[in-house]
Amino acid sequence: MTQSVVLHLHENEKIIMILRRHWLVYLPHIVIAFILAVVFMAIVLVANVSMSGKEFSDILHEFAAYRGLIWGVFAVGVIAVIGFVLFLIARHTIQPTRQTARHIEFFKRNWYVFIVIATLAIGFTVALGSFLLLDIISNRAAHEALGGNISDHLGRGALTIFSGMYCLSLVAYLYASWLDYYLDIFVITNRQILDIEQIILFGRKISETNFQQIQDVTSKVKGLINTLLDIGTVFIETAGEKENFSFEDVQHPTFIASTILEIQQQQWEYAAGGDEGRAEMEVKVEESSNKFSYNPNAEIPEQFQKAVGVRDNEELPIRQAAHFRGDEESTHQGGLIHLGRAQDREPQERRTRVQGGVITQPYYGSERRQHREIPDETIPEKKKVLYTDGRVILDHGVIWQSNQNLTDDIMDVLNQMDAENSR
Amino acid sequence: MFGSILLLIYALFLIAYVAVMGYAMYRVWLFGQYRALAGMSILVTLCFVIAMLGIIAFTLIGIGRYTWDDSAHFYIDKLIHVSDQNTQFQAKTTTPKGGVK
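First to last, the protein sequences are chains A and B. My numbering numbers the first residue of the first sequence as 1 and each following residue consecutively. My numbering numbers the first residue of the second sequence as 1 and each following residue consecutively.
Heads up, a few of these hints could be off.
Unchecked claim - What follows is a set of in silico ranges between Cβ atoms, one per label pair, in the way DEER data are often shown:
(1) Ile5(B) <-> Glu197(A): 38 to 48 Å
(2) Leu60(B) <-> Leu228(A): 39 to 49 Å
(3) Ala36(B) <-> Ile225(A): 25 to 35 Å
What the hints assert, rightly or not - Stretch by stretch, here's where chain A covers chain B in the computed footprint (C-beta under 8 Å, at least three residues):
(4) 33-40
(5) 46-53
What the hints contain is simulated information worked out from the structure, not anything from laboratory work. Heads up, the beta-carbon is just placed ideally off N, CA and C, and yes, glycines get one too.
Take these sequences, add in the hints, and give me the full structure.
Pasting the structure below:
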């Protein structure tokens, strides 16, 4: 049997963060299950009392005799009301979330869901009531004519079967909603960002984007409880036709947004030849939680340094050709790099000019300015492939952007295409 | 007849339930092979499995406590037996002592 691929990491790819939604998202499901269980228990209690072989009037008298039972039902009702109020609070305070949005739709918009549930509830009640009625009527007949307890057994057996089915359905609901909550995972690696979304039991949607395509990252915290617990949403706007990302109900959204920007900045600086800025961050990965530590003064591990950078430093003429002089431009062999001077984390434009066009991408620069003089003789003449961390730009403007490893064969083919187009 | 229908409904429900939930849990187990992403998914799934098996076992034990033989044959046998008893009782009580001359 084939195994579905959820996460495929590249050779030098490391997971930096694994984020899950806050557990409060699951609270409404627990409250719903609790209410359903309480209602069911009340029905079973009434059914058990009524199946004691008495008539309705006797049952009422008997029921009145059960003062403790009445108080118990009253207590259960009070607990149900408290649970429902808790649910309403949770529903209104955890915003904006996809999970709670579903609940809002569930309770406000999708009225047909109510009809289905009401039909099931009424059907369940009618079925149970029929068996109880059958039990009471035929019990009398059985005792008078048959002298047996067939219907008594039938009624209690039916109650057992319905109870089993109801409880199993309740557990299935809890499990499906737990999967929907827990298997929604956001993964940030040093190369890409993945959004793994579990859809109820079987559906799964995986979206990914790399840091070069990120245009804007914002975080949003709304509501009293969310503010107290620092729960919010991180929005990631991507370039082109790719779907935008949103990490919903994650803890510390502002920190996550700033970390994503840091990683993106490091990638740009490293790919463009900077040495100072990339040795600033150390991110320790802790599995299956959003707990992580961040030490801005620690030196970056060598393994992470390699992972953040590009694969083969020897084949990076774009790095060697880079001259960073604030707003000055630097050209070499048809390639032009313009890095805007960074000011207060405002995204600057980064333009990479190739034959046939200019590629414009955002650049979140730092205040550091770097200057590097590269002798011209160090630049190989035959290498016309410009390569920046997964992106290959030929002189005539062909762009290779793929998650596939850039092997020598692919490089040869691209160089051959470049040579043929240059003739 | 009602008992047979009920048991049939429960059997079908149980088969469908075990098939659907089993496949869902198999997919979670596959997901759990990615150690970095698995988290508590396997552990919580095992807890749900135990809860489901407990409910099923409890229900089956409960079902076994009751008499489900409500077939037509059972009813007819009972009715004939009762009617025979009534007939014999009536014959005994209505027939004068010493017989009819």
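Do the hints match the structure? See the list:
{"no.": "1", "hint": "Ile5(B) <-> Glu197(A): 38 to 48 Å", "result": "41 Å, holds"}
{"no.": "2", "hint": "Leu60(B) <-> Leu228(A): 39 to 49 Å", "result": "47 Å, holds"}
{"no.": "3", "hint": "Ala36(B) <-> Ile225(A): 25 to 35 Å", "result": "30 Å, holds"}
{"no.": "4", "hint": "33-40", "result": "holds (count 8)"}
{"no.": "5", "hint": "46-53", "result": "holds (count 3)"}
Hint compliance for this structure: every hint is met.
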